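**Student:** Taken in sequence, the protein lines are chains U and H.
Numbering-wise (our numbering), the first sequence opens with residue 1 and increments by one.
Numbering-wise (our numbering), the second sequence opens with residue 1 and increments by one.
Possibly wrong hints are sitting among the right ones.
Each pair may be met inside one copy or between any two copies, as identical chains are not told apart.
[Stated by the list, open to error] Below, in silico cross-link-like pairs of lysine to aspartate or glutamate (DMTMM-like), each with a Cα-Cα straight-line distance of 25 Å or less: (1) Lys29 to Asp377; (2) Lys195 to Glu242; (3) Lys129 to Glu86.
These are calculated hints, taken from the structure and not from any lab test.
Just so it is clear, the structure is predicted and the values come from calculations on it, not from any experiment.
What follows is each chain in one-letter form.
Protein chains: 2
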Amino acid sequence: SSKKGGAAPVKEFKDIMDGLKSIYQTKIKPLEQAYSFDQFHSPFLTNADIGAKPMVLLVGQYSVGKSTFVKYILEKEYPGCHIGPEPTTDRFVAIMNGEERVIPGNAAAVSTELPFTALTRFGASFLSKFQVSSLSTPVLEDVVIIDTPGILSGEKQRLQRGYDFTAVIEWFAERADMILLLFDAHKLDISDEFKRAIGALRGHDEKIRVVLNKADMVSGQQLLRVYGAMMWSLGKVVQTPEVMRVYIGSFWDNPPQHKDCEMLLKAEQQDLLNDLSTLPRNAAVRKINEIVKRTRMAKVHALIVSHCREQMPAMFGQSKKQTELINNLEGEFEKIARQHQLVRGDFPDPNRFKEKLAMFKIEKFPKLDKKMLALVDEALGIDLPKLLSDFPQTQAIVPTIMQN
Amino acid sequence: SSKKGGAAPVKEFKDIMDGLKSIYQTKIKPLEQAYSFDQFHSPFLTNADIGAKPMVLLVGQYSVGKSTFVKYILEKEYPGCHIGPEPTTDRFVAIMNGEERVIPGNAAAVSTELPFTALTRFGASFLSKFQVSSLSTPVLEDVVIIDTPGILSGEKQRLQRGYDFTAVIEWFAERADMILLLFDAHKLDISDEFKRAIGALRGHDEKIRVVLNKADMVSGQQLLRVYGAMMWSLGKVVQTPEVMRVYIGSFWDNPPQHKDCEMLLKAEQQDLLNDLSTLPRNAAVRKINEIVKRTRMAKVHALIVSHCREQMPAMFGQSKKQTELINNLEGEFEKIARQHQLVRGDFPDPNRFKEKLAMFKIEKFPKLDKKMLALVDEALGIDLPKLLSDFPQTQAIVPTIMQN
Ligand SMILES: Nc1ncnc2c1ncn2[C@@H]1O[C@H](COP(=O)(O)OP(=O)(O)OP(=O)(O)O)[C@@H](O)[C@H]1O
Ligand SMILES: Nc1ncnc2c1ncn2[C@@H]1O[C@H](COP(=O)(O)OP(=O)(O)OP(=O)(O)O)[C@@H](O)[C@H]1O
Ligand SMILES: [Mg+2]
Ligand SMILES: [Mg+2]
Numbered sequence: 001s002s003k004k005g006g007a008a009p010v011k012e013f014k015d016i017m018d019g020l021k022s023i024y025q026t027k028i029k030p031l032e033q034a035y036s037f038d039q040f041h042s043p044f045l046t047n048a049d050i051g052a053k054p055m056v057l058l059v060g061q062y063s064v065g066k067s068t069f070v071k072y073i074l075e076k077e078y079p080g081c082h083i084g085p086e087p088t089t090d091r092f093v094a095i096m097n098g099e100e101r102v103i104p105g106n107a108a109a110v111s112t113e114l115p116f117t118a119l120t121r122f123g124a125s126f127l128s129k130f131q132v133s134s135l136s137t138p139v140l141e142d143v144v145i146i147d148t149p150g151i152l153s154g155e156k157q158r159l160q161r162g163y164d165f166t167a168v169i170e171w172f173a174e175r176a177d178m179i180l181l182l183f184d185a186h187k188l189d190i191s192d193e194f195k196r197a198i199g200a201l202r203g204h205d206e207k208i209r210v211v212l213n214k215a216d217m218v219s220g221q222q223l224l225r226v227y228g229a230m231m232w233s234l235g236k237v238v239q240t241p242e243v244m245r246v247y248i249g250s251f252w253d254n255p256p257q258h259k260d261c262e263m264l265l266k267a268e269q270q271d272l273l274n275d276l277s278t279l280p281r282n283a284a285v286r287k288i289n290e291i292v293k294r295t296r297m298a299k300v301h302a303l304i305v306s307h308c309r310e311q312m313p314a315m316f317g318q319s320k321k322q323t324e325l326i327n328n329l330e331g332e333f334e335k336i337a338r339q340h341q342l343v344r345g346d347f348p349d350p351n352r353f354k355e356k357l358a359m360f361k362i363e364k365f366p367k368l369d370k371k372m373l374a375l376v377d378e379a380l381g382i383d384l385p386k387l388l389s390d391f392p393q394t395q396a397i398v399p400t401i402m403q404n
Numbered sequence: 001s002s003k004k005g006g007a008a009p010v011k012e013f014k015d016i017m018d019g020l021k022s023i024y025q026t027k028i029k030p031l032e033q034a035y036s037f038d039q040f041h042s043p044f045l046t047n048a049d050i051g052a053k054p055m056v057l058l059v060g061q062y063s064v065g066k067s068t069f070v071k072y073i074l075e076k077e078y079p080g081c082h083i084g085p086e087p088t089t090d091r092f093v094a095i096m097n098g099e100e101r102v103i104p105g106n107a108a109a110v111s112t113e114l115p116f117t118a119l120t121r122f123g124a125s126f127l128s129k130f131q132v133s134s135l136s137t138p139v140l141e142d143v144v145i146i147d148t149p150g151i152l153s154g155e156k157q158r159l160q161r162g163y164d165f166t167a168v169i170e171w172f173a174e175r176a177d178m179i180l181l182l183f184d185a186h187k188l189d190i191s192d193e194f195k196r197a198i199g200a201l202r203g204h205d206e207k208i209r210v211v212l213n214k215a216d217m218v219s220g221q222q223l224l225r226v227y228g229a230m231m232w233s234l235g236k237v238v239q240t241p242e243v244m245r246v247y248i249g250s251f252w253d254n255p256p257q258h259k260d261c262e263m264l265l266k267a268e269q270q271d272l273l274n275d276l277s278t279l280p281r282n283a284a285v286r287k288i289n290e291i292v293k294r295t296r297m298a299k300v301h302a303l304i305v306s307h308c309r310e311q312m313p314a315m316f317g318q319s320k321k322q323t324e325l326i327n328n329l330e331g332e333f334e335k336i337a338r339q340h341q342l343v344r345g346d347f348p349d350p351n352r353f354k355e356k357l358a359m360f361k362i363e364k365f366p367k368l369d370k371k372m373l374a375l376v377d378e379a380l381g382i383d384l385p386k387l388l389s390d391f392p393q394t395q396a397i398v399p400t401i402m403q404n
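Just chain U, with the same shape it has in the complex (with noise of 0.2 Å):
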């Protein structure tokens, strides 16, 4: 793949990764385990949950090259890929390494190795145009992209569809990490779905990438009235006064019908390259940034739980004083902080604490856990700040959308 140059993603995805799912396993969750954080907080992480690949989702109208963009990607075509002048693919495809296969929708749906579970509450229609396309590619060790049906302009189209168009998109943009919103340069047109998906994609607005694709189709100068018309459209709709990054170019490997503009094209698709190239990094310091976060709460947890453990009596009046420790939770809060020098910010709700604190026995917690804790204490002192010096501070980590 170094044909493409800046299309190779970062090789370090992988390793993070592996380190990350190591240092969570190893000295984060057993601390997790022992204070009960997944009731009180959120499931502990599976090694599918870290390990996840930064998403790319592909939204345009049909026919405006996504399936071709992405056998451009992956220099092939993925198993079950259809292009063509008509409107082709007819389903959502999550593109995944793996074997050669094709894993239909609702097998998907059940299968817990793949995050699609969630895709069940958009009903039997949807899942039936939901499908899981797997091949061996270097670029999909790095990331999942998603090939979704082509917009088609009409109101009847859309309610034949069966499912709801616009909020698979929003749940897809939701875990997205990079949105491809497609334009062709040769056939503009802004129907009134694409501006419903675009609404869809509200909030996303800094994942967004416009591609106005089939670049050379047309001459310099219409290009630029192209450009012109769809920047003037996408301003209207688009609710941010920050403008989205354009890039334009042609993404298949036919030679250009018009030449004019082939260095700046060649220069854009090599932009947009590297704009992808940077997903899994970005990804991985996203992720890492989330599991200090996490691992903060859940030392505060096991302070705070091993502490109310701690003033339990060994027999009788067990029950009594645990109502009086839920009563004062607040003052118990107090104490901890100034104990092991925490700020309150980082205490959880004491209301939710309360009820959730209410359902246990505090007797039954083991009591603080010196070496535990110390796992913890060095997990956030050097291992993950480790992991994350480990990155060459390039500029890449920056969110590019404002370099424009």
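Since chain U is already given, all that's left is putting chain H with the ligands on it; use the hints.
**Tutor:** Here is chain H with the ligands on its own, set in the frame of chain U:
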């Protein structure tokens, strides 16, 4: 001025205007005068009214290159022109054909030879910031150019002007045939006052052309970003869904800084010059149409008044008859329409007409002058259509705004 091919405006404009003046003076005005058309509808046209040249208005931030653009078009500086990196042009300048000189605003506003008497309404502090600069150059045989002071950011600057800048822009926009809205590719900045100025152009969208100037000062990719950002912002400010026509170029004679878009910019510049060169032609067509409309009104007017005149008794009961005619004016309109095969839509508003007619003694009007009427019919049936058909019917007459 052959150097800029398309810039040389069509030579026929003056000839056509001369033809129009002569048709009006010899065949139409006599009828208008005989039946006091001016008292009922609008003043008689002067040769200056008919021959008034198409007006091009320049609007933009300071230092965007407005005055340099004028120099580029004229191929020389106009008297009193200032060009420089600081805010330079401090006044509105009407650049017209004539011997090389400057006419200060107060003098210009009292000259009935010039179309600026209405500017007195903006007050003395405005007139001290207005001037006419005349010089002799081919382009000015066909157009008048209005150079304007640059728009400045900041409320303070706005207040210091001492006159209502936006209202003045509005006045010129109303009269202009083309409005060039200039932006600087090198320093894009859409200030609040600029937005207000764009607001003042509302309703004249079809006259507006956007010029992205100094386009060679940045690389091709940067130019794309700037252009996109401009369209994004303009789309938010301008209400119409139709995209404004944009010309990207560098309107001076210096060699380009960046050469990666040289061909494109050249083509764009040429397109703008072509667009400008269609102005006289389009203005001439519009004027002929206006005169046709006016002549039909004048004919109907003459038929009404002379018809009423014919009903008047020779000596007694004139006043009674006049009242009767006025009261039954709608009925008389019916009769006239039937007799001369006219449609009722060509008739004036009866109530306004009654009011005016009441101020005259109908018996003082001449009876229908068949010779005058024949002249008007000749103008409508032969002379004016001939003037129109003298144009080679190119698409230049079609408004170019939506041809992208
Ligand atoms: N860069 C390009 N330049 C010109 N034509 C292209 C380009 N990319 C794709 N095409 C052509 O456009 C057509 C549509 O391509 P493709 O099937 O990839 O679009 P799509 O967006 O996936 O459509 P659908 O939404 O129907 O799945 C095909 O005929 C393809 O060969
Ligand atoms: N096409 C161009 N490329 C680069 N620089 C330019 C170009 N046109 C003009 N300039 C430079 O920009 C500066 C401002 O030009 P000019 O005075 O014509 O602007 P202006 O819009 O008339 O400003 P003002 O509103 O202050 O009158 C000058 O230094 C001029 O030489
Ligand atoms: Mg497809
Ligand atoms: Mg100036």
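**Student:** For Lys129 vs Glu86, is the C-alpha pair at or below 25 Å within one copy, between two copies, both, or neither?
**Tutor:** within (18 Å within a copy, 62 Å between copies)
**Student:** How do Lys29 and Asp377 come out at 25 Å by Cα distance, when the copy is not named: within, between, both, or neither?
**Tutor:** Classified as within: same-chain Cα gap 13 Å, cross-chain 99 Å, threshold 25 Å.
**Student:** How would you label the pair Lys195, Glu242 (within, between, both, or neither) given a Cα cut-off of 25 Å?
**Tutor:** Both: 18 Å inside a copy, 17 Å across copies.
In this structure, every one of the numbered hints holds.
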